[in-house]
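Work the whole structure out from these sequences, hints included.
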Amino acid sequence: MSLPLLVTLILLLSSLTYWLGCRRAFMLARQSLSGKLHSRPYYYGVLAGLWCGLPSLAVVVVWHLAAEPLLIRMAMDGVAAAKGISSPDQANLLVNDLRNLVAGTMMAHKVDPLIQAAADQYLGMRRISDLALATVALSTALAGACLLLKRIRPTLRARNQVERVIKVVLTLCSTLAVFITIGIVLSVLLESIRFFQQVSPTDFLFGFKWSPQMAIRADQTGSSGSFGAIPVLVGTFLISGIAMVIAVPLGLMSAIYLSEYAGARFRAAVKPLLEILAGVPTVVYGFFAALVVAPAIKDLGAMVGLPVASESALAAGLVMGIMIIPFVSSLSDDVINAVPQSLRDGSYGLGATKSETIKLVILPAALPGIVGSILLAVSRAIGETMIVVMAAGMAANLTFNPFKAATTVTVQIVTLLVGDQEFDSPKTLAAFALGLLLFIVTLALNVIALYVVRKYREEYE
Amino acid sequence: MNEEKSGQMNELGDMGAMAWVNAGLTARYRRERRFKFFGLAAIAASLMFLVLLLGAIAIKGYTAFRQTQILLDIHFAPAVFDVHNLASANYAALVRDATLSLFPQAMDRQDRRAAIKLVSIGAAYQLQEMVTRKPELIGATKPIWVLAAGEVDMFVKGHISRDVTENERRISDKQATWIDQLAASGRLRQTFNATFFQAGDSRESELAGIRGAVMGSFFTLAVTLAFSFPIGVAAAVYLEEFAPKNRWADLIEVNINNLAAVPSIVFGLLGLAVFLNCMNLPRSASLVGGLVLTLMTLPTIIIASRASLRSVPSSIREAALGIGASQMQTVVHHVLPLSMPGMMTGAIIGMARALGETAPLLMIGMVAFIVDVPRGFSDPATVLPVQIYLWANNPERAFVERTAAAIMVLLLLLLAINASAVLLRNKFERRW
Amino acid sequence: MKKFVHIMTATALLAGTAASAHAADGRDYISIVGSSTVSPFATVVAEQFGKSSKFKTPKIEITGTGGGMKLFCAGDGVDTPDIANASRQISKSEVATCAQNGVSQIVEIKIGYDGIVLANSKKAEHLQLGRKDLFLALAKEVPSPAGGDQLVANPYKTWHDVNPKLPAEKIEVLGPSPVSGTRDAFVELIMDHGCSAFPSIKALQSTDEKKFKAVCQSLREDGAYVEVVENYNLIVQKLEANPKSLGIFGFSYLDQNADKIQASTIEGVQPEFKSIADGTYPVSRPLFIYVKKDHVGKIPGIAEFLAELTSDRAWGEQGYLADKGLIPMPRDEQKAMAANAKALNVYLNK
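Protein chains in written order, with my numbering: chain A, 22 to 482; chain B, -9 to 422; chain C, 4 to 353.
Hints were generated in silico from the structure; no laboratory data involved. This one's a predicted model, so the numbers in the text were calculated from it and none came from an experiment. Treat the hints with care, as some may be off.
To be verified - Rough simulated footprint, nothing fancy, chain A against chain C, three-plus residues with beta-carbon under 8 Å: (1) 93 to 103; (2) 125 to 133; (3) 153 to 167; (4) 219 to 229; (5) 238 to 252; (6) 260 to 272.
What the hints assert, rightly or not - Just so you have them, the derived chain B footprint on chain A, three or more residues with Cβ under 8 Å: (7) 184 to 192; (8) 218 to 230; (9) 295 to 302; (10) 345 to 353; (11) 362 to 375; (12) 431 to 441; (13) 454 to 465.
Glycine is no exception: its CB is placed at the ideal position from the N, C-alpha and C atoms.
Next up, the structure:
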């Protein structure tokens, strides 16, 4: 029996159990006129369904993960011994042969009888394994269903049990974020340590010069690079700062207008339109920034006598600001819209105008959500690559002048990771160290933001 | 500001409150109008940028939906075919003979090469497909519209200028006169470019299509949506409604906010380590791409969902709890439906970003040239933004308009996703 | 709660598709990784190969040479690529990593040359550059213009300062960043030669090679050399928007945009297909692919793919690769390489 079929069957079975459970619960409710059911009837159904589905799905998952490699090993044991192959990599290629054969895809060379035999053996065993799995899984499902359907009586605290299962699921989901963080730190930490073995951490953290001009092959003798992260960080904050100067006022004012002034039809049309801005591929923004905005800024600068580089942080920041407008506008709009109408009415009742109500009542009430949306926008700005790389260049100048070229941490990470240099050279490893550094810096900023929000948040209810 | 006002109030006390209010009204109304104007101006500015961007793309890209074709009289000479193996016939030779018969004046080797280059190499595959479908064509002579080469297409559309000298363009003077001849004799036409929507990637601009990338994007986003929305909402609900408010909760909150700022390529590194190296999932598969994008969009969805959960007034919760609902019932029946619009917004923005993202896919092998259209979650696939990025790097000029056209398709997809989410959002939205 | 059934059905669909993803299929297509410079050529071959043979079209990932080598050298087996594209030769340490991971049988095939050109907009003056001019214009430190052997930070502002024959335009060159193989080739082929024109620096080569390289290969960072991303279409458009600047890029982009940009001559030679092929134009670099011999015969189609690549209709002088801008090798070298590819001679790094 194929796996999708089996899973579908189990799920159907558990739906059936749900229905049976509901019916039984309804019946009980009708019968026992004196003692009421503990929970609403549907909970008994759901509980029954869960008892039927969960254990047997667990069996399927474990079996599936364990059986495949085991079967392959058993089938390949004879072949590997006969061919005298010891290295796992060569065995791996033979396994590919076997799989190609089993899957019936084209073979490049004549079929080795040994492999053919192994494939037949494998197929045979897999048939047995599949059959066994189906039997075990379905009987688990039935057993679970029977066990629970029998236990349904008014005193069974079905709701509490169902809620406990849901809560466990919710908890698992929320810890996932922590695991992602751990994973990210681990995946950059190891390579960062290797980087810091070659470049001293103090040079990296406090160096004022970022210039990875070194040979791209180790066997070339070449100049050594300098890896001071400060200019790159400064560039990151410069460009994100410019972006926020654009996005926060435009986004926030749009949000206020949409939620407080605009009619329902206008709002329904404009909000999704603005959201398109967030979805335009960044390559498009990159071309726009590099070919339209940057030359325009340069010409403007020349007109007033300002020296503007053809690659400027300003161009990248401006365009990036446009891109993240919807982050501020849409999310803030939702939060502002969610401020209870009673607050507005109260304020109007006191004689405040709309704008006064917004400024003095609604914005403070919606502050945490607005800050959240702004944080999200900043995050997006910090993580953006393509616009910066196309419009602001890659030269790491230590400058706060928006008319000069600048670079960001993300740009450096991406260009270093896809470069032609050897992967183990400090140049590539520097990408990981930069990633780690950015992680720590944004962490610090987020902690500050959390405390600021706590301090200024106004709770009305 | 408040203190200032109350100060004024005392000073003007004898004039009476109404008089004082009336005195300030004009200024306050002016401020009100100004504020409203700023709001409208902000929206207008944002929309203007959108129109500017979309306009620029549309102007560049609309020509890609038309494709130049050339009418050739193909003689399916029976000698060329082996009845048992139709695929082995030399279809390129059929095309070549038919092309050369149009230009009897092309005598020397170089001229003949130039003439042959007018027709796309895809013409041979086109014939092969025709013959395989209808073997009775063998022996007949039939006029067939075949694809023109990408450069001819560019020339006809005016993207290769006639005004520059011969060695500065990819179409020689001779080829230009031939193209004019073809056009004059009605053997040249522009039709709807169906290939663009039906084919996978190709290095020949006239054969390149976005179907592979669209399918890849579809599979990838399906995985992302299926995982990130439920998990994100579940995590947000737990953190906002059930988790004890302590340092641990703060830590998770900061941590999630911080994840949103991690450069997307780092999620690719994580995906490489977890999904490919540990879980042995296939490289370049849209399943893995979707999982990596899930990791990336989760923080966005969690943050947006938490913000909207937080904005549900506590009176609602208290009322539900007060009439005996359990905490879980309160959340599922009352809080969750009320906070759905905000969660939808989070999902829209998260999906929009996932749909446009290239960097994290680099590490898991989805930034790749893949010709075959993926048919499942485990086939090697690429996605639309990657396709756009790759085409934007191609030297051939014909890819410029195709890049823009692909972007238009991507934006349409985005609009479709947004529209469905917006419908859902409007269904749930309400104000207290 | 009534949604329970719906949720179950949805999960069933999802589980079904996810499970089918896990099916134990082998790999029946060639997997290629590596340089973004080689991939435009490799993809053409792959497409031709896929359309004209019974095999599937190979998958070509663009990872950069270094990233590609890392994947390539991770070991033998279906999870690893069969072929790596490289815009430079494989390095000793990469060969060592490969060997360590059991990839000892590597076949090297040089596929041709990529010309590197300097070009500016047609609206601007056509430049005739020498390598010495370029060194003086772009090096971080140059011999003092006042005379003497002392090295000073590059003082030159305009091309005219560098060489009186050149126009008095500000020096601005858009070129690749230090992680690019194009930059590496540019530095080795132009800057190294240019700085050897100064006896005092040339003397360093024998005494202090490290210093010599440092002097020759460091490009200035004061804004005259602008590091840009390797999106050459973007560079072409930037040159158009900004006629005063020069750009460094691959020959195929010049070939496609000859109506917009013009290449500067280097040492009096105009970069053209012919002059690069016969070596009179001095700035070109070889492109390579590396093949795992152990995978040949195991992954379907590798030998046939190599045959297609080394055929005359692909990399010959009139072949479709030349059409895309790859500069073919001389006939004899090509023949030797083709034989090499056929016999799968294993590459040994000296």
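Task: Those earlier numbered hints the structure runs against, lowest number first - done: Violated: hints 2, 3, 6 and 8.
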